[in-house]
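Take the given structure of chain B and dock chain V to it, following the hints.
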Amino acid sequence: MKVPLSWLAELLPALPDVDTVIARLDALGLAVDGVEVLEGAPADVLVAEVIKVRPLEGSDRLVVATVDDGTGARDVVSGAPNTAPGVRTALARPGARLPGLDAVVAVREVMGERSEGMLCSPRELGLFDHAGGLLALGDDAPLGAALAELWPGDTVLELELTPNRGDAFSILGVARDLAADLGCALAHPGEAVRDALGDPAVDDGLRVEVEDPKRCARLVLRRVDDVRVGPSPVWVQRRLASLGLRPRNNVVDVTNYVTFELGQPSHAYDLRALEGGVLQVRRARAGESLVTLNDDALELDPEDLVIAVPDERAGSRAVGLAGVIGGRDDSVRSDTRSLALEVAHFAPVGVRRTARRHRLVTDAHYRFERGVDPNLPPLAAARAAALIAAVAGGRVHDGVSAFGADVERPAIAFRPARVAFLTALEVPPSEQRAALERLGCAVQATQPDSWAVTPPSWRFDLGIEEDLIEEVARLHGFDRIGSTVPAMDFVPPSDDPTHRRLRDALVGAGLLETISYAFTGEAELAAARAAAPTVRLAEPQGTERAVMRTALYPGLLSAARLNHAVPDLALFEVGRVFGDEERERLALLLRGERVGATWRAPVPVDFYVLKGLLEQLAEGLGQPLEVVPAAFPHLHPGIAGAISWGGRVVGSMGRVHPEVEAAFELGETFVAELDLPLPARAPALEPVPRQPYAERDLAVVVPAALTYAELAQVCTDAAGDLLVSLEPFDVYVGHPVAADHKSVAVRFRFRHAARALTDAEVDARMKEVISALASQGYTIRA
Amino acid sequence: MLDEALTRVRAARSPRELQEVRVAYLGRKGAVTERLKALGAMAPEARREAGRAVNELKRAIEAALAARAQELDADRVRAELESQRLDVTLPGVRTRAGAHHLLTQVTNKLLDVFRSLGYQVVVGPELEDDHHNFAALNFPEEHPARDTQDTFWTTDGRLLRTHTSPMQVRYMRQHRPPFKVVVPGKVFRNEAVDATHEAQFHQLEALVVGERVTMADMRGAIAAMATALLGASTRTRLQPTYFPFVEPGAEFAVWWTHPKTGREEWLELGGCGMVHPNVFEAVGYRGVTGFAFGFGIERLAMVTYGVSDIRDLYRGDVRVLEQFRGVA
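First to last, the protein sequences are chains B and V. Position in the first sequence (first residue = 1) + 34 = our numbering. Position in the second sequence (first residue = 1) + 10 = our numbering.
Next comes chain B alone, as it looks inside the complex:
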């Protein structure tokens, strides 16, 4: 919301300097987001009037306008569509520097015609964003006057208002809060018309019919006759321009002016549209349509609330979308002489739904959905009507047609002691009371320690005691709140929900942590052969962010593709995946080299390097890890396994399926994906063995397809309980081992807990092993 300082100063005559204003607004919670310094009109631009216009020979667009700039007539070539006799506008004299043109105006020859200056559009003058015609001025701008004097610069504060402060979406609202804070007087723009609210007993020929009082609790209709629609005076145009609005005509400009000044939207209908002087508020009918002021053709919904007028054929037809935007055909036009000013209160939710349904964002809807003072319409109608009369030369009718009455807010029970209880601010009750009253609350001391506080009608956000505590603290100053540490009987558990130890271990092992997007594309999941998505976004940011990921490794594959030039890629991610349920996972990716240097042959990454990494991780958590052959769609069918961690299957690991590798433009790549948290075991110290172990090596020739796990099982079963470890130390294929066979060398270690073993005892065990192997058809290699 924009707040021009000159306008604020009009409502707050004691306005301090701009830095103080910004500091106070920030401290009040009306955060200042930016400060814009607006230039006034440029020098050497005069108010001039077009006397006559003739076509420029040889041009179908340009005309020669003879203008009077107060000193005499001169000819100027113009291309603006509204160059017509009687138009009062801005003439840039030779030498003028126009901000919107980036050039100095000069006397020029245009197709044989001498042009002594330039008639200007608002954009060329840098005043507001309209280039479709000349700046239109009214009679208030004297011929020959320097525009720079009529249209000086201003400083505009840009406020970022929170949605609860509907009351502050106006110059009045901001001024009111500042006045309460600074303790200075507020010049309410409605003061002058407080006695001109209109007499309901006087017949103005108008009638109001409200069909839905829940959504339209208040409606005031004021009649203004004998208006002359034309350009607004400079002071109105300037104020609207400083808000970033484009001035239209004096009637529309006034309704906009009052919207921003008081925060009360209104709309002016041509009285000719009101059949029998009747204005209705009703639900739209199925199939009904409306063309808005912005030329949007809307198909109305029965949930929409419309402003309507009686109609011969249809019985009633919509002329405006209540609280959002007026209709094009029945609003004030250039030939309007009598108008009906509709000033109403519409309930926030209905306006919000309607605006959203039709994808409309308007100044009116923005205010109504945040809450407009429900008691404001009579005063705002009087203010707007008086302003129209002042700038469009009309006559405000003494009568008024209205619906609804002032509403009174329920009082809030407020205990002054609660301010200190909640905020630790010691604010004397007298100061609390004064603060609440300055904000417009009515305070009644019902009991010694409890007050009945009635908030003003414009403060939608004040409903409970805590709201009032905030108000007192706001005016007292949030920054005066102290800094303490609560004594609390709470001992937090020392668990590790963010998997910090796991991440530390992986980083220690040389992996880089990545964080990918939780949303992804269905195509990426499919290319990675991950599970199909189950959670889809209703309004995604493109197809690549349309579904929730079902696995982490596709993100790592994408990262690997991005980092294709890196020779030794080692990545991991801890994150959530979304299948039938949301779960936490860990994914790892290795590609290229694992250990190496630039000048010496590196150790290439393979399945066992990845497995070793996982084993190291499992060891760190005190858990045995096993990988059992298993097939996964995204993994190489022969180089893949299920990870069993402490006896529980937690995930998969292996080489990425070559077709998936190809889809991601990758060479040999290895990935693992595991469910978190990984089972861990609390360590318990076991006695350190004092006995030496006895070692025996055995080379066993087995069929090539036999897994080491199967061989180990046979050995372990046969070796008995003295066996403490069994490890492979060589796997050999080739001569003299028979084809389709391999030789696996295993090392057995035996130990007795209490005494040294004799050779005979160990040999006896090995004999058992050898005979067990023989019974499987395996031979021992000498």
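Don't read these hints as lab results, they were simulated from the structure. All C-beta atoms, glycine included, are put in the ideal place defined by N, C-alpha and C. Any given hint could turn out to be false.
Stretches of chain V that chain B covers, calculated by requiring three or more beta carbons in the stretch to come under 8 Å of a beta carbon on chain B [stated by the list, open to error]:
1. 48-57
2. 76-88
3. 103-112
4. 133-142
5. 195-205
6. 213-223
7. 230-240
Showing chain V alone in chain B's frame:
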């Protein structure tokens, strides 16, 4: 003879040569041995005299031999070690150093602070529902406050949490006060992505509830965090604002020196406030007060470590990830 013997000892270049010298003098047929043998034929008087001289000679040669043997051994060790000399200037053989993601490091740093202040760390789901993300947090239906949240809805009517605050509701329903918890996590907003805005980012949120927790306690917690991050010279600033789930509500800023510009200024971090009575009612609490505050991790990480494009944090580019080593 002694001079000649000592010269030959010194001239010996290897243990073998030295052994030859030893044999030549002290061997069974060595020159010294011959002299000793000759003593037997001498008269007792002369024999004593000559015997002493020969023994001295023998001792001197033996000493020289031993010294030379030691020298040769030292030379041998030196030569052997020299032969093992490496070019220590060649790069090492290694796995590359890993790195935590910058956001993890910043989060860890913050969690360290909160743990030291006695907070419990809790995490919660990213896929949430209207009730936990909005309704129970006092966001009325059809209220403009919901517009500020730019929600990603799912086709089945759930949503991606727009803040970590749903965990307030989940935690409070499962625990009784007093407690101090801190919630880090991923959140989502459906807003246009540019260098400073992402549809996915991280927040950290603290919630403290007890019998009599005040706004001053809240400021104290914020100040403690700021001090741990920025040093004792930092200050905090509170300015009123609105979040539906707190009342009073405020924005907080910390006074810091911008690492890039060197300027001392306010860094607006996040929002805070006293837990709204409607939130307590939604979780069934009575007779307690509490505060909550939260802020975005990305922004803090970006301004602290000079990241100019938020998207760099999510691309997984190793050239970026590697630079995160040893940040915190």
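Checked hints:
no.	hint	in the structure
1	48-57	violated (count 0)
2	76-88	violated (count 0)
3	103-112	holds (count 9)
4	133-142	holds (count 4)
5	195-205	holds (count 4)
6	213-223	holds (count 4)
7	230-240	holds (count 4)
In terms of the numbered hints stated before, the structure departs from hints 1, 2, listed from lowest to highest.
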